[in-house]
Amino acid sequence: MSARRRWIALVAGTLAAASVAGASAAPAVRFDRNIKVGVVDTYSGPPAVFGNDALNGFRLALQEINRDGVHGARIEFVTRDEKFNPEIGLSMARELVLQERVDVLVGTINSATALAISAFAREQRVPFLVWISKSEAITGARGHRYVFSTTENTAMAGKALAEAMVRRGYTRFWLAAEDYEYGHAVTNSFWRFVKRLKPEAELVNQTWWRTGEPDLVPYLTQILQARPQAAFFGTGGAGMANVMRTMQVIGFAQRVPSAIHTAIDVTVLRPLGTAAPEGVFGTTDYLYYYPDTPANRKFVQDFQAAFGGPPGFPAFHGYITGHFIAEAFRRARSLDRERFVEALEGLRIQTPVGEVEMRACDHQAVLPMIFGVTRRDPRFPHLVAGDPTVIPGANVMPTCEDIRRARERAR
Amino acid sequence: MDAAAILGQLLVGLGRSMILFIVSAGLSLVLGVLRVPNVFHGSLYMLGAFVAWTVAEALGPHPAGLWLALATAPLVTAAVGLVVERLLLSRLYQREHLMLILFTFGVMLVLNDVVKLLWGPTYRSLVPPPSLQGAATVLGVALPKYNVVLLLAGPVVAAALWLFTQRTRAGKVSRAAATDRDMVAVLGVDVSRVFGLAFALGCFLAGLGGALVAPTTSITLGMDHSLLIDSFLIVIVGGLGNLWGALVGSLLFGVTQSLGLLVWPQFAVAFPYAVTAAVLLVRPTGLLRSAW
Numbered sequence: 001m002s003a004r005r006r007w008i009a010l011v012a013g014t015l016a017a018a019s020v021a022g023a024s025a026a027p028a029v030r031f032d033r034n035i036k037v038g039v040v041d042t043y044s045g046p047p048a049v050f051g052n053d054a055l056n057g058f059r060l061a062l063q064e065i066n067r068d069g070v071h072g073a074r075i076e077f078v079t080r081d082e083k084f085n086p087e088i089g090l091s092m093a094r095e096l097v098l099q100e101r102v103d104v105l106v107g108t109i110n111s112a113t114a115l116a117i118s119a120f121a122r123e124q125r126v127p128f129l130v131w132i133s134k135s136e137a138i139t140g141a142r143g144h145r146y147v148f149s150t151t152e153n154t155a156m157a158g159k160a161l162a163e164a165m166v167r168r169g170y171t172r173f174w175l176a177a178e179d180y181e182y183g184h185a186v187t188n189s190f191w192r193f194v195k196r197l198k199p200e201a202e203l204v205n206q207t208w209w210r211t212g213e214p215d216l217v218p219y220l221t222q223i224l225q226a227r228p229q230a231a232f233f234g235t236g237g238a239g240m241a242n243v244m245r246t247m248q249v250i251g252f253a254q255r256v257p258s259a260i261h262t263a264i265d266v267t268v269l270r271p272l273g274t275a276a277p278e279g280v281f282g283t284t285d286y287l288y289y290y291p292d293t294p295a296n297r298k299f300v301q302d303f304q305a306a307f308g309g310p311p312g313f314p315a316f317h318g319y320i321t322g323h324f325i326a327e328a329f330r331r332a333r334s335l336d337r338e339r340f341v342e343a344l345e346g347l348r349i350q351t352p353v354g355e356v357e358m359r360a361c362d363h364q365a366v367l368p369m370i371f372g373v374t375r376r377d378p379r380f381p382h383l384v385a386g387d388p389t390v391i392p393g394a395n396v397m398p399t400c401e402d403i404r405r406a407r408e409r410a411r
Numbered sequence: 001m002d003a004a005a006i007l008g009q010l011l012v013g014l015g016r017s018m019i020l021f022i023v024s025a026g027l028s029l030v031l032g033v034l035r036v037p038n039v040f041h042g043s044l045y046m047l048g049a050f051v052a053w054t055v056a057e058a059l060g061p062h063p064a065g066l067w068l069a070l071a072t073a074p075l076v077t078a079a080v081g082l083v084v085e086r087l088l089l090s091r092l093y094q095r096e097h098l099m100l101i102l103f104t105f106g107v108m109l110v111l112n113d114v115v116k117l118l119w120g121p122t123y124r125s126l127v128p129p130p131s132l133q134g135a136a137t138v139l140g141v142a143l144p145k146y147n148v149v150l151l152l153a154g155p156v157v158a159a160a161l162w163l164f165t166q167r168t169r170a171g172k173v174s175r176a177a178a179t180d181r182d183m184v185a186v187l188g189v190d191v192s193r194v195f196g197l198a199f200a201l202g203c204f205l206a207g208l209g210g211a212l213v214a215p216t217t218s219i220t221l222g223m224d225h226s227l228l229i230d231s232f233l234i235v236i237v238g239g240l241g242n243l244w245g246a247l248v249g250s251l252l253f254g255v256t257q258s259l260g261l262l263v264w265p266q267f268a269v270a271f272p273y274a275v276t277a278a279v280l281l282v283r284p285t286g287l288l289r290s291a292w
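The listed protein sequences derive, respectively, from chains A and B.
Going left to right, the first sequence walks through residues 1 to 411 as my numbering numbers them.
Going left to right, the second sequence walks through residues 1 to 292 as my numbering numbers them.
Excised from the complex, chain A in its bound form:
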C-alpha cells in the first residue's frame, strides 16, 4: 500500500469513527412535536373487554415511555370506537389520518376491520400496527410495507396445535367451528398443518354453527356419538365461553381429546370460574403467571397496580405495541413515516416474555406460543394451563418464502 493510499485510508477511518461517535453521543435529534397514535378498536359490546384490555396495556407502556420521552417528545393517543364494524372502523381510521394527522395507526380486535384499515394504510403510507386480530392474511397474503402485527395469528396457532395433536398420535379428527372470519381461518390453518404433518389423517366430519349460537349441547353430543379420536374447535370471544361450558357439563374433553386456540387463555378461563372444563388442550401467546420470570412479574405487578386486575393477552399486545412504536421512533431519529417503517423492520425489544423481534420480511412479531392443558389449581380462582411448554415463535411461523409465495398468489 502506497503512502498516499494509507493516508487516505487513515483520514477516511478517522472521519468514519468521528461520525459514529458523534451519532451515539449527540442527543442531537429533538422532535419538535409529540408523537400521535390513533387507536381504532371496539369499545362497545362484548368484544370491548378485549379492546379495553389492550388499551390498558398500551397506557402502561406509554407511562413508562413518557417518563423519559422519545427524543424529547411524548407519545399521545386518541381512540375511536369501531363498534366491531369494518365500515365504521375504516371511516374512523380515515378521520384519524386525514383530520387528526396521527403518525401511526393501531387496532383492532376485528380481523375484517384490520384488513380494511390495512388497505387504507397502504394507500396513505401510514404505518398500522395490528394488536389483537388474528387473521393470518394481515401479515401473510395481504401484508405490505406499512402493516405490522404485534399479535400471534391463526397460522401460528393452527400449526402449534396441529403439531401437538399429531405428536399425541391422533389421526381421526372432527372439526367444529363458529361460522365467521376467525373461525374459518384458524380451523383451516389447523387442518392444513395436520395434513402436512400426517397426510393420512382423516377428517371424520365437520360442524359449523352461527356466531352467538346459544345452545351447543346438540352439536357436542352429536360429535360424542360419532366418536372421532380428537376434535378441534375454532371459536373465540363469548362463543368460546359457550363451548367451554358445554364441554364441562357433558364431560366432553374426557371422552374426546379436544384442542382449541386460547382454551388456556386467562381472558377465556377467568370469567368462567369453575364452569370451565379440565383437560382441554390449548394455546395462547401470553399468560400472566407463566413463565414466572422477573420481567413478567414486574409487568403483572405494574399492570395490577394501575388497573386492579391481571393483564390478559390483549394487554400484553398493547404493551409491546407501545414499546415497539417508541423504540422505532428512537431508532428512526425522525418523525418521518418511511424512516419509522424501516426502523421497525427487524427491530428487537425486551418484553415481559423475553426478546421479541419484528420480522423484517413480513412485519410479524416473532412471539412464542404457550401450549398447555386446562387444569384446576387451588392457588387460582380460575383454571390454569397445566404442563405449559413454550414453543419458540420461529418454529410455528410461516417461512419468509411461504409469505412471499402467499403474497404473489394473492396478487
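For the record, the hints were derived by calculation from the structure and aren't laboratory data.
None of the values given here were measured: they were computed from a predicted structure.
Under 7 Å between C-beta atoms, here's a sample of chain A residues computed to sit facing chain B:
{"no.": "1", "residue": "Q206"}
{"no.": "2", "residue": "D215"}
{"no.": "3", "residue": "P271"}
Chain B regions said to be covered by chain A (calculated; three or more residues, Cβ under 8 Å):
{"no.": "4", "segment": "115-128"}
{"no.": "5", "segment": "255-261"}
Footprint (simulated), chain B over chain A, 3 or more residues, beta carbon under 8 Å:
{"no.": "6", "segment": "35-47"}
{"no.": "7", "segment": "216-228"}
{"no.": "8", "segment": "243-256"}
Note that CB positions come from ideal geometry on N, CA and C, so glycine has one too.
Once you have looked at the hints, place chain B on chain A.
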C-alpha cells in the same frame, strides 16, 4: 346411525325447544291479544338472564340461589313490561301498526343500553348448584342434568298457560279480545286492563326463558338477537297469536336442528330455517289457526 343416537339427539333438541317455547309463547300472547309485535321481547329475555345471574351471584354457593333467581327474574321483566305498557304503549294502541313496531324497537335500544350500563360488556357465567352440574347418561347420550329442568319447565309452563286461558276469567277475556276486541269492549269489559295483564304475562315469560337459559350459556349483550329472530319465526310458523302454535313451532325448530346434525352436520344451522320456509310455502298462515 342407530336408534339410540336419534333418541339422544331428540332429547337434547327438546331441551332447546322448551326455552324457545317459553319465550315465543310470551311473544305470541302479546301478538294475539294486543296485536303488537313486541321487538323488545328479546331484550327482556336478556335482562332476565342478567337479573338471574345477579341474584344467583348474590346468594353465592347457596343451593337455593338458582331457584330464587328463576323466581325473581321473570317478576322483574314483568314489572318492566307493565310499566312500559301502562305509561307509554297503552297510549299508542289507536296508532297504526308501524308506530307500534317503531315504539317497541325504541324500547329495545333503550333496554339494551340499560343492560350495558348496569352489567357492562363482559360476559357472565351462572354456575348451576352442584346437584345439577355434570351430565346424566340417558340412552347412551350425555345429557346435561340441567336439561332435565328444561324438559320439565316446558310442560309446566304449557299447562299453566292452558289453565290461565281456559279456566280463569282474565284468560277467557284475553282470548275473546284476541278474536274481537271491539265486541269485548262493547260487553263492558275493561279491555285496557286485560291488555296490561297479557302484556305483563308475555314479558314474564321472556324473563323466565332468559333465567332458565342463564346456566346453560354465556350471559352477554347480544344474546337477544338470534333468539328474537327465532321466536318471531316460530310464532309465524305456528300461527300468529296461537299459543299451541308456538309450542308446535318450537318443537319443530329445536328438533329439526338437533336431528339435522345427525344427517348433515355442516349444514345443521340451515335445517330449522329450511323447514320454516317449507311450512310457510305449504301453509302461509302457519300450522295452526292464526288469531289475526
